[in-house]
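Trainee: Residue 6 is where the sequence shown starts when you use the working numbering, and the numbers rise one by one after that.
Just so you know, the hints here were simulated from the structure itself, not pulled from any lab data.
There's no promise every hint is true.
Dumping the calculated DSSO-like pairs for lysine-lysine here, alpha-carbon to alpha-carbon at most 27 Å [to be verified]:
(1) K76 to K134
(2) K179 to K134
(3) K127 to K179
(4) K134 to K119
(5) K76 to K125
(6) K159 to K125
(7) K119 to K159
Remember, predicted model here, so these are calculated numbers, not experimental data.
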Amino acid sequence: MPNPRQPPRSLATFAGGCFWCMVAPFENLPGVASVTSGYAGGHVANPTYEQVCSGLTGAVEAVQVEYDPMKASFGDLLGAFWRSIDPTDDGGQFADRGERYTTAVYYRSDVERKTAEESKRKLAASFGKPIATRILPFTTFYPAEEYHQDYHRKNPLRYEAFRLGSGRDAFLQKTGVGDA
């Protein structure tokens, strides 16, 4: 039985390349309760990082956001997502290449699908070129190993060096999408 004092929570799942870089954009949004790094999709149950790295699982690195829909909308989360990636890159994200680093929005309802598709259309107009990010039905999400959770806080120097070296920050700064 739901706790009447506990606000209702919803889940949203986004693949934006390296999951280490996708936690911070969501965690400080009003209404976000938690952000978990993990693996979305694929055909292997509860894959390990090594299995996903092999490219044989079909899973991608992703984050799952738990949020209060009374304080944050799915559209708000989409805005944070788009401001954190290069949506035109179909081969991965920045220095991270390959299928497991491709981008996707996973929807859990027809309303979320329509919201994501409309958001993608608007983004395409501002970029002036095709958006490679896929809009897909949610199937599975498996949390990554503990050492991947909150990596940006546990290893701040390595995380900052990785972001800088990957080209993510330079792209976001150049395009202005990362300013918000």
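Trainee: Run every hint past the structure and note whether it holds.
Mentor: Here is what the structure says about each hint:
1. Proposed proximity of K76 and K134 is contradicted: the alpha carbons are some 33 Å apart, above 27 Å.
2. Note on K179 and K134: the hinted pairing holds, with a Cα-Cα distance of about 16 Å set against a maximum of 27 Å.
3. For the hint pairing K127 with K179, the CA-to-CA distance comes to about 19 Å; that is within 27 Å, so the pair holds.
4. In summary, the hint linking K134 to K119 is supported, as the alpha carbons are separated by about 21 Å, within the 27 Å threshold.
5. Proposed proximity of K76 and K125 is supported: the alpha carbons are some 23 Å apart, at most 27 Å.
6. Restraint check for K159 and K125: the C-alpha separation of about 33 Å exceeds 27 Å, so the hint is violated.
7. For the hint pairing K119 with K159, the CA-to-CA distance comes to about 37 Å; that exceeds 27 Å, so the pair is violated.
Hints 1, 6 and 7 from the earlier list are contradicted by this structure; the remaining hints agree with it.
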